[in-house]
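Visitor: Read off the chains here:
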Amino acid sequence: MSTTSLNSKKLILFVLVLLPSFFFAWYMNAHLLARLTAWPLNAVLPQALPEAVHQIKPADRHLLMLSPIGADPRHSKAPSRGGQALGINLLIYSFSIPLFAALAIASEASAWQHLRRISAGLLLLYLFLVLCAAIRVLYLLEFGSRFAHVSPVTEQEILLHLIRYGHYLSVTILPTALPLLLWALMYRKTFLNIVPFGKPRESSPGDSEAKPPSDPRP
Amino acid sequence: MRRFLVYFVLLLLILSFIANYPPVREIFVEPWNEWLAAGSYWLIQWFDSNAGFNGNIIYPLGGGGGVSIESGCNGIEAIIILIAAMLAFPGPWLAKVLGVALGTVLVQVLNLARIISLFYLVQWNKHLFEWFHLYLWPTLIILDALVVFFIWTRMLERRRGD
Numbered sequence: 000m001s002t003t004s005l006n007s008k009k010l011i012l013f014v015l016v017l018l019p020s021f022f023f024a025w026y027m028n029a030h031l032l033a034r035l036t037a038w039p040l041n042a043v044l045p046q047a048l049p050e051a052v053h054q055i056k057p058a059d060r061h062l063l064m065l066s067p068i069g070a071d072p073r074h075s076k077a078p079s080r081g082g083q084a085l086g087i088n089l090l091i092y093s094f095s096i097p098l099f100a101a102l103a104i105a106s107e108a109s110a111w112q113h114l115r116r117i118s119a120g121l122l123l124l125y126l127f128l129v130l131c132a133a134i135r136v137l138y139l140l141e142f143g144s145r146f147a148h149v150s151p152v153t154e155q156e157i158l159l160h161l162i163r164y165g166h167y168l169s170v171t172i173l174p175t176a177l178p179l180l181l182w183a184l185m186y187r188k189t190f191l192n193i194v195p196f197g198k199p200r201e202s203s204p205g206d207s208e209a210k211p212p213s214d215p216r217p
Numbered sequence: 000m001r002r003f004l005v006y007f008v009l010l011l012l013i014l015s016f017i018a019n020y021p022p023v024r025e026i027f028v029e030p031w032n033e034w035l036a037a038g039s040y041w042l043i044q045w046f047d048s049n050a051g052f053n054g055n056i057i058y059p060l061g062g063g064g065g066v067s068i069e070s071g072c073n074g075i076e077a078i079i080i081l082i083a084a085m086l087a088f089p090g091p092w093l094a095k096v097l098g099v100a101l102g103t104v105l106v107q108v109l110n111l112a113r114i115i116s117l118f119y120l121v122q123w124n125k126h127l128f129e130w131f132h133l134y135l136w137p138t139l140i141i142l143d144a145l146v147v148f149f150i151w152t153r154m155l156e157r158r159r160g161d
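As they're listed, the protein sequences go chains P and D. Residues in the first sequence are numbered consecutively from 0, following numbering that gives the first Met the number 0. Residues in the second sequence are numbered consecutively from 0, following numbering that gives the first Met the number 0.
Because the hints were derived from the structure by calculation, they are not lab data. As the structure is a computational prediction, the values presented were derived from the model and not from experiment. Just so you know, not all the hints are guaranteed correct.
[Unchecked claim] Restraint-style ranges between C-beta atoms, simulated for each label pair:
no., chain 1, residue 1, chain 2, residue 2, range
1, D, Arg158, P, Glu156, 25 to 31 Å
2, D, Leu111, P, His160, 29 to 35 Å
3, D, Leu127, P, Ala119, 30 to 36 Å
[Stated by the list, open to error] With a straight-line cut-off of 30 Å between C-alpha atoms, the simulated DSS-like cross-links for lysine-lysine are:
no., chain 1, residue 1, chain 2, residue 2
4, P, Lys188, P, Lys9
5, D, Lys95, P, Lys8
6, P, Lys8, P, Lys188
7, P, Lys9, D, Lys95
8, D, Lys125, P, Lys56
9, P, Lys188, D, Lys125
[Said to hold, decoys possible] So these bits of chain D aren't anywhere near chain P, every CB distance computed over 10 Å:
no., residue
10, Ser15
11, Leu60
12, Leu86
Backbone N, C-alpha and C define an ideal beta-carbon position, used for all residues, glycine too.
This is chain P alone, in the form it adopts within the complex (with noise of 0.2 Å):
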C-alpha cells in the first residue's frame, strides 16, 4: 500500500469519527453563533436599507430580520406595530465549521499550530457566515414572495442577478466547498502528502512532500 493511499484512509477515517461530536458541538453552540452574526448585520442592513430592514436579531439559533414593509395578512408572523418578521436560517451556512473542525484535527500539525489555523479557519467561516446572512437578507426582500412587486434593495438587472448567483453559491456550493478549500490552505503539508502534484514519488518513510525531479538526494 503506497503512503498517499494510507494517508488519504487515515483522514477520512478520522475525520468520520470526528464529526459526530463536532456536529454536536456545534448545534449545541449554534444560539452563540446567531448572536454573534446578528450583531455585525443589525449594525449595517438598517442603516443602508431603512425602508426595507427594521431590525435583523438572534431567535434561538436563527436570526430574524423585521421589515416594515407591509405584512401579508395571509402570515401570522406579522409583528404588533406592522411590517413583517422573516426567519433567517443560519445552520445552512455554518454547518461548514464541524466540516473544516474535522479536517484540521485529522490533518498532521503540532497543537499550536492547530491552535493558530483552527482559530484563523473558524473566523474566516464566522465572515462567510455573516456575508452569506446578508446575502440571505437581500434575497429575500428582493425575491421573496412576501415583497412580490416591491424591489425595496435595488432595480438594477446587474445587482439583482449578484444577488440571486451569490444566493445560489451561498446556500449549495460554498458550504461544502469552503471548508475544503481551507484545509487544503492551511494544512498544505498534509494535502500534499495525499494529492502528488504530477511529481514521481519515493516511497522513503521520512519523505512528506514531493520532490522536484532533478534534485539529487536518493
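Given chain P, put chain D in place with the hints provided.
Guide: Just chain D now, kept in the frame of chain P:
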C-alpha cells in the same frame, strides 16, 4: 499547488454560474431532478411497493410526507466541485474526462442513497429529516467527492510511475 487552488476557485465559480443559468436549469438540471426521482423510485420498488413518483417528487402511496428533488439535493453541486478539482489538477485530458465520468457515477450512487433515506426519514421524524437533509448528507456527499478525488490522483500517480 497555488495554481491548482486558483484554477479550482475560478472553475468553481464558472461551473456554478453555468449550472444556475436559467436555460441550463431548464434543459439539464430540472430533467436531471426528474431522472433522479425515477431512479430512486425504481430502487425503492425492490423492497417497498408503497411509493409513487411524479416529476421530481417521490411520495408514499398511503399518504404522508414525500420528498421533492431540487437544487442542492441533486448532487450537481458536489459534482461541480469534483469537476473543478479534476480539471484544475495537472494531468492528461483523457484521465480527467474518465475521472469526471466515474466520479459523477460514484457521487450519484451515494446521492440516490441520500434521497431514499430522506424519503423514509420524512415520514418517520421530521426533525431528524431536517438534520440529515440540510447538514449531514451534504457533508457526507462532499466527503464522497473528496475520496473520489484522492483515489483519482493516486491512480494518476501510479500511471506516472509506470
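Visitor: Provide an ascending list of the numbers of those earlier hints which the structure does not satisfy.
Guide: 1, 9 and 10
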